[in-house]
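**Student:** These are the residues of each chain, in order.
Number of protein chains: 2
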Amino acid sequence: MGDEQAVLFANEAFYQAFRDRDIDAMDAVWSRRAPVSCVHPGWGPIRGRAEVMESWRNILSNPESPVVESRAASVSVYGDAALVTCFERIDDTYLIASNMFAREGDGWRLVHHQAGPTTATPPPDSDPTPGAMH
Amino acid sequence: MGDEQAVLFANEAFYQAFRDRDIDAMDAVWSRRAPVSCVHPGWGPIRGRAEVMESWRNILSNPESPVVESRAASVSVYGDAALVTCFERIDDTYLIASNMFAREGDGWRLVHHQAGPTTATPPPDSDPTPGAMH
Numbered sequence: 001m002g003d004e005q006a007v008l009f010a011n012e013a014f015y016q017a018f019r020d021r022d023i024d025a026m027d028a029v030w031s032r033r034a035p036v037s038c039v040h041p042g043w044g045p046i047r048g049r050a051e052v053m054e055s056w057r058n059i060l061s062n063p064e065s066p067v068v069e070s071r072a073a074s075v076s077v078y079g080d081a082a083l084v085t086c087f088e089r090i091d092d093t094y095l096i097a098s099n100m101f102a103r104e105g106d107g108w109r110l111v112h113h114q115a116g117p118t119t120a121t122p123p124p125d126s127d128p129t130p131g132a133m134h
Numbered sequence: 001m002g003d004e005q006a007v008l009f010a011n012e013a014f015y016q017a018f019r020d021r022d023i024d025a026m027d028a029v030w031s032r033r034a035p036v037s038c039v040h041p042g043w044g045p046i047r048g049r050a051e052v053m054e055s056w057r058n059i060l061s062n063p064e065s066p067v068v069e070s071r072a073a074s075v076s077v078y079g080d081a082a083l084v085t086c087f088e089r090i091d092d093t094y095l096i097a098s099n100m101f102a103r104e105g106d107g108w109r110l111v112h113h114q115a116g117p118t119t120a121t122p123p124p125d126s127d128p129t130p131g132a133m134h
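Read top to bottom, the protein sequences are chains R and Y.
Heads up, the first sequence is in this note's numbering, so the first residue is 1 and it goes up one at a time.
Heads up, the second sequence is in this note's numbering, so the first residue is 1 and it goes up one at a time.
Hints were generated in silico from the structure; no laboratory data involved.
Do not take every clue at face value.
[Said to hold, decoys possible] Estimated spans, in silico, between C-beta atoms of each pair:
{"#": "1", "chain 1": "R", "residue 1": "Q5", "chain 2": "Y", "residue 2": "G79", "range": "19 to 27 Å"}
{"#": "2", "chain 1": "Y", "residue 1": "E64", "chain 2": "R", "residue 2": "T119", "range": "12 to 20 Å"}
{"#": "3", "chain 1": "Y", "residue 1": "T119", "chain 2": "R", "residue 2": "V68", "range": "37 to 45 Å"}
{"#": "4", "chain 1": "Y", "residue 1": "R57", "chain 2": "R", "residue 2": "G107", "range": "36 to 44 Å"}
{"#": "5", "chain 1": "Y", "residue 1": "R57", "chain 2": "R", "residue 2": "A25", "range": "40 to 48 Å"}
{"#": "6", "chain 1": "R", "residue 1": "V68", "chain 2": "Y", "residue 2": "M1", "range": "35 to 43 Å"}
{"#": "7", "chain 1": "Y", "residue 1": "D22", "chain 2": "R", "residue 2": "N58", "range": "26 to 34 Å"}
{"#": "8", "chain 1": "Y", "residue 1": "G48", "chain 2": "R", "residue 2": "P66", "range": "27 to 35 Å"}
Just so we're clear, the structure is a prediction, and the values are computed from it rather than from any experiment.
We put the beta carbon where it would ideally sit given N, CA and C, even for glycine.
Excised from the complex, chain R in its bound form (with noise of 0.2 Å):
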């Protein structure tokens, strides 16, 4: 699988783990060697490993949290990080979201999020993020 794949399946993974409250997998997904942060929409930024995953554990503990899935992912490689911009979609809203990435062993894990209101939408024929996990 070349990088570009790769970290768009890594950003699909980190998509699933939300949908899917599990907050086993939201832990898999982050980085646990580089430096993690991350902006929830509205929010103030939150830095620190520990911060982030009990942030994530509020929000998919709660039965209210939305279904969340990216649109139109659009992924660029640097080096040993990576990014991936994406719509976020939300019943029939959207958000856009900057996913970062470090390679990290074998794979991509995902070390900064930050998602926002966009008054933009997706190309009407966007599918969900290739290689997605179904």
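Since the structure of chain R is already known, use the hints to place chain Y on it.
**Tutor:** Okay, now just chain Y, sitting in the frame of chain R:
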């Protein structure tokens, strides 16, 4: 200058170009070798150097574009890539930004910027970014 300080310096150069409405300085901030993308607040993703710089020309040529200062910048280095998260102060309101840089030649160049709304505020004693050029 260590990597972290050099990245913060590049981050401040970005905001300085923004404040000065200096399109040449803004052009110099962005990578010429690596893929670039940009998510202005509320916008969709802009991908490609020509498209990103066109968006900045439009913003910087608008006399009503805001005066933006970074606050509480935090940097993490991932080999030849780096991430700065910071608040953006606009009058008395704040946005939150993720700025990704790539090592290029003897410095660091911006490859991605996303800014969006936040209800959080930086610590009250947070100064402008260390390395500020003033």
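**Student:** If a hint holds in the structure, say so; if it doesn't, say that too.
**Tutor:** Checked hints:
no., hint, in the structure
1, R/Q5 <-> Y/G79: 19 to 27 Å, "holds, 21 Å"
2, Y/E64 <-> R/T119: 12 to 20 Å, "holds, 19 Å"
3, Y/T119 <-> R/V68: 37 to 45 Å, "violated, 20 Å"
4, Y/R57 <-> R/G107: 36 to 44 Å, "holds, 39 Å"
5, Y/R57 <-> R/A25: 40 to 48 Å, "holds, 43 Å"
6, R/V68 <-> Y/M1: 35 to 43 Å, "holds, 40 Å"
7, Y/D22 <-> R/N58: 26 to 34 Å, "violated, 42 Å"
8, Y/G48 <-> R/P66: 27 to 35 Å, "holds, 31 Å"
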